Structure formats: structure tokens, C-alpha cells
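Asker: Each residue of the sequence shown is one higher than the one before, counting from 10 in this note's numbering.
Be careful, since some hints might not be right.
Under the rule of at most 25 Å between Cα atoms (straight-line distance), these lysine to aspartate or glutamate pairs were calculated in the DMTMM-like manner [as the list claims (entries may be wrong)]:
| id | residue 1 | residue 2 |
| --- | --- | --- |
| 1 | Lys44 | Asp79 |
| 2 | Lys46 | Glu77 |
| 3 | Lys40 | Glu76 |
| 4 | Lys40 | Glu77 |
| 5 | Lys74 | Asp32 |
| 6 | Lys46 | Asp30 |
| 7 | Lys74 | Glu16 |
| 8 | Lys44 | Asp30 |
| 9 | Lys46 | Asp82 |
| 10 | Lys44 | Glu16 |
No lab work stands behind these hints: they were computed from the structure. Just so it is clear, the structure is predicted and the values come from calculations on it, not from any experiment.
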Amino acid sequence: MAIVATELDGRVTLVLNKGTDGDGNTLTGNKSYSKVKPTASNDDVYGVVNGIASLQAFPVVTVRKTEEFDLVDMP
Numbered sequence: 010m011a012i013v014a015t016e017l018d019g020r021v022t023l024v025l026n027k028g029t030d031g032d033g034n035t036l037t038g039n040k041s042y043s044k045v046k047p048t049a050s051n052d053d054v055y056g057v058v059n060g061i062a063s064l065q066a067f068p069v070v071t072v073r074k075t076e077e078f079d080l081v082d083m084p
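Let the hints inform the model, and build the full structure from the sequences given.
Answerer: Right, here's the structure in full:
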């Protein structure tokens, strides 16, 4: 048995700093963009995200890239 992985479109998430609450705890929010092609390099994705980040109302704390796969058992 061999497991075959097929890479699907991924997602990139911007974690935004939305300030602090009354107790001084950091408040964050997420903005996700889907349909990131598996062939896109990390450098290319980060470059596009930098452009998107400049349009956000809140500063970006972290950029997360999520990759997804379908796994199929091939007899």
C-alpha cells in the first residue's frame, strides 16, 4: 500500500494587532485569504501579503501559511 498525497490550494492568514483590552491584554484578529496555489513560492506569497498588509487598518503581527493535502491509499 502506498499513500499518495495531492496538494490542494492553501490559505494565508494575517494575525492583526487590534490593541489592548481594559486589563492590558493584547487583542488580535485574523484575516484569511484562500486559494493560495501550491506552486506559489514562500517568497512570492510573502511579497503579496506585504502589499495586502499595507492596506489593513491594524498592524500585522504574524503571517501564517496553511497547506492542505488529500491523502489517498493506493493499493
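Asker: Tell me the hint numbers this structure goes against, listed in increasing order.
Answerer: Going through the list in order, the structure violates hints 5, 6 and 8 and respects the others.
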